[in-house]
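Enquirer: The lines below spell out each chain.
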Amino acid sequence: MADEGLVPWRQLALGCAMPEAGSAKRFNTGDWRGRRYPVTDREKCIKCGLCWIVCPDMAYLPDEGAQGFYKWDSYYCKGCGICIAECPKQAIDWREEKEEDKYGPACGS
Amino acid sequence: MSIAAEALKGFEKITPKSIPLVEPLSRGHRGCQGCGEVLALRMAAKAVGSAMIAVSATGCMEIITSPYPQTAWEVPWIHVAFENTAAVASGVEAGRKALIRKGRWADDGAKVVAFAGDGATADIGMQALSGALERGHDFTYICLDNEAYMNTGIQRSSSTPWGAGTTTSPAGKKSKGQTTWKKNMAAIAAAHNIPYVATASPAFHLDLMNKVKKAITVPGPAYVHIFSPCPTGWRCAPEDSLKTARLVVNTRIFPLYEVIDGRYVLSRDVKKPKPVEDYLKIQRRFRHLGPEDIAVIQKRVDQDWQRLMALVKATNPEASAE
Amino acid sequence: MARRVGLEVSLACAEAAKLANVDVVAAYPITPQTHIVEHLAELVADGHLDAEFVPVESEHSAMSACLGSSAAGARTFTSSSSQGLALMHEILFIASAMRLPIVMAVANRALSGPLNIWNDHSDIMAERDIGWVQTFAENGQEVLDLTLHAFKVAEDARVCLPMIVNMDGFLLTHVIEPMYMPDQSEVDAYLPAFAPQQRLDIAKPISMGMVGMPEVYTEAKKASLEALLGSYEVVKEHWAGFAKQFGRSYKPIESYRAEDAEVLFVTMGSLGETCMTAIDELREQGVKVGSVRIRLWRPFPVEDFLAAIKGAKGLIVIDRALSPGVPTGPVATELMSLLYAKGLKVPVHNFVAGLGGRDVTRADFKKMLDKAREAFAAGGEMTCEMVGVKE
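Protein chains in written order, with the working numbering: chain A, 15 to 123; chain B, -7 to 314; chain C, 164 to 554.
No lab work stands behind these hints, which were simulated from the structure alone. None of the values given here were measured: they were computed from a predicted structure. Where is the CB? At the ideal position from N, CA and C, for every residue including glycine. Mixed in with the good hints, there may be bad ones.
Chain A is faced by these chain B residues, among others (derived, beta-carbon under 8 angstroms) [unchecked claim]:
(1) GLU(-2)
(2) SER18
(3) ARG19
(4) GLY20
(5) HIS21
(6) GLY23
(7) GLN25
(8) CYS27
(9) THR57
(10) THR63
(11) TRP65
(12) PRO230
(13) SER233
Whole structure, please, built from the sequences with the hints as guidance.
Expert: Listed below in structure tokens is the structure:
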């Protein structure tokens, strides 16, 4: 598996603790996605926020530019589809995604 | 004895408009696609907020949130071993209590919250849990129940439901999967006479968050048992995660209730339950069960529901006087 | 001003924890440690010690609670023996890996089976590799002194490791001995309040106890190892400080009449005092024998040991535990390996004595000496024998 150390031993924090809270944010879990991703039809969206609430990976965040709507984050979405299943207005649907388009458009476009 | 009732006077409910924005659990964790347990953990963490010292058991949540150097915890967090979450939490609580009393630490209002799976709670961790509850430490213990030892590859626990297939209770020519009924941890916690016990499901997120918020508000030990769908281990589609979490409640298999100062309070009266088959058929861990097995499950679920109703009636004498 | 008292050694250990103003004691009773925790409970109940006394439901939970408490920044103490120590086993490794400066008094008692509540060193020999700093006390004063010293070493920013003070069960814990009890101001001058290097703090959130992937585990172990090896200097430094403050000196290896000795006994724990009495009697008969007593067990003080045995023509190593399947007992095996590593061909004769509370008398020492001298004279293979086995 690993044939080399990651960090020189003297640089490890005491007890191998991690002093940088939330360092996992760097990890690109969006890379796990298969060949589809969720897209929201903002015409149908009633701004209920359920997509934000039910995402295990917090791939939706309040859209600062469009009050009440939620913006999808390609960097973290694993493509589980819970948001699609739970949206009360079926406003979210799958769109096929090619490998090369992985870091493609945010929802709404 | 109304410790919880006193503490919950003036309790401010979390409503759809006031769902906390804070995310004590960060993005970038390594939960499976559609993991209902990390969703439940996220919801619970939001309800507690940033003033939390989290104590985790070895298990799915610990593994997916802490592969060095990536930690998904935005709050102070400690993991020691598998079976001792409640004991470690007891120590954190006692340490803080002593330091604050002796004037060596300013009371920052941090809540000690333990997160452990069903294995770490109902099996190997039961002794430590019982001890911590009995000693009355001021902490909240949240059991995230995905009904097996999922982290190590789907082995059975005492929380695995009757008839479920796991790798150590597989269905085969001579077996129908798990041969025992799910251990009732909420009842065991309530038997310790702690002020607050609750069951929750991530399909009812407001109910879940409010129960966690109540748990941290009530002084002394609180226990919250959260049903946590595991598409990987239950072999259902990832997008059905919350569907199972909803059906399990609406079939009465996993009733939602609180035990407040020993009083049973139903959170959701399921008046027209769906048949258990609706829940079982969407998970391949139950695929091997025939109609007669399903009938056995249905009967048991009905009996357990009646028993719960009796407990509600027995512990709310004023209500039954009507 | 220190006062001279006659006190049961267990109580002296508890008094030391009280003088150290511990914040949390999480402990489970087990013979022969019980008087230590009972006395601490009493001290807390009477308001003499302001601490959280957590009566946990097992030793595994005791050590687990200690980790939580120490991680929260509290000065933490516990105690155990034998089966209880064994029950904590998995957590002990984690305590040192997480660099939490817990202090534990171990009242050495035989490990089952068969069940045996009396003294030997099998419990602590099973914990050689836990990565804790470890010392051995030989009498009541040492129990008190080494317990105070343990907090100072464990919590030192250069060490940050948990520490064990070993004391023989019953032979020390349950005897009343005269000792000097320091007063609070003396102890406060020696031992300041615990200032943790890191702690669970919502103002500075850290994650403790992450998954140590293969890419990091080796380095994490190296870091703990270096901390343990580095604690040697700190142990000595704080013994020097102890001598300055309290007037009693301690060394990693203590010698008794060893300068011109031809043969040296090597002991650990209270047996060393019986040995010294036997040596005095033997010396009167003109036998050139002395002893070397191991006080610092981990990290093992190699140079101190080699200096102490210089000139000896034979070592008689008394083990208080077996290492089944290995030709010699645990202590002898370690000593022989370090002698070999240094290219020193000092003959060693090994005895395993005093298992499960079997008495080891001055007469036994004389018998062991005779047997060893025969073996040394004959040359040949270095062996180990169990003392006093009824055939």
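Enquirer: Each of the hints needs a verdict: does it hold here or not?
Expert: Now for the hints, and whether the structure bears them out:
This hint is violated: GLU(-2)/B has a C-beta 31 angstroms from the nearest C-beta of chain A, more than the 8 angstroms allowed. With 8 angstroms as the threshold, the beta carbon of SER18/B comes within range of chain A, its nearest partner Cβ sitting at about 4 angstroms, so the hint holds. Here the hint on ARG19/B is kept, as its CB sits about 5 angstroms from the closest CB of chain A, short of 8 angstroms. The beta carbon of GLY20/B comes within 4 angstroms of a beta carbon in chain A, closer than 8 angstroms, and the hint placing it at the interface holds.
Here the hint on HIS21/B is kept, as its CB sits about 6 angstroms from the closest CB of chain A, short of 8 angstroms. Proximity of GLY23/B to chain A holds as hinted, the smallest CB-CB distance being about 6 angstroms (cut-off 8 angstroms). Contact between GLN25/B and chain A, as hinted, is supported at the beta carbon level, the nearest pair being about 4 angstroms apart and thus within 8 angstroms. The restraint placing CYS27/B at the interface with chain A holds, with a minimum CB-CB distance near 5 angstroms, inside the 8 angstroms limit.
A cut of 8 angstroms between beta carbons decides the hint on THR57/B: the least distance to chain A is about 7 angstroms, and the hint holds. Interface hint at THR63/B: satisfied, since its Cβ lies 5 angstroms from the closest Cβ of chain A, which is below the 8 angstroms cut-off. A least Cβ separation of about 6 angstroms between TRP65/B and chain A falls short of the 8 angstroms threshold, and the interface hint therefore holds. Here the hint on PRO230/B is kept, as its CB sits about 4 angstroms from the closest CB of chain A, short of 8 angstroms.
Hint on SER233/B holds. Least Cβ distance to chain A is approximately 5 angstroms, under the 8 angstroms limit.
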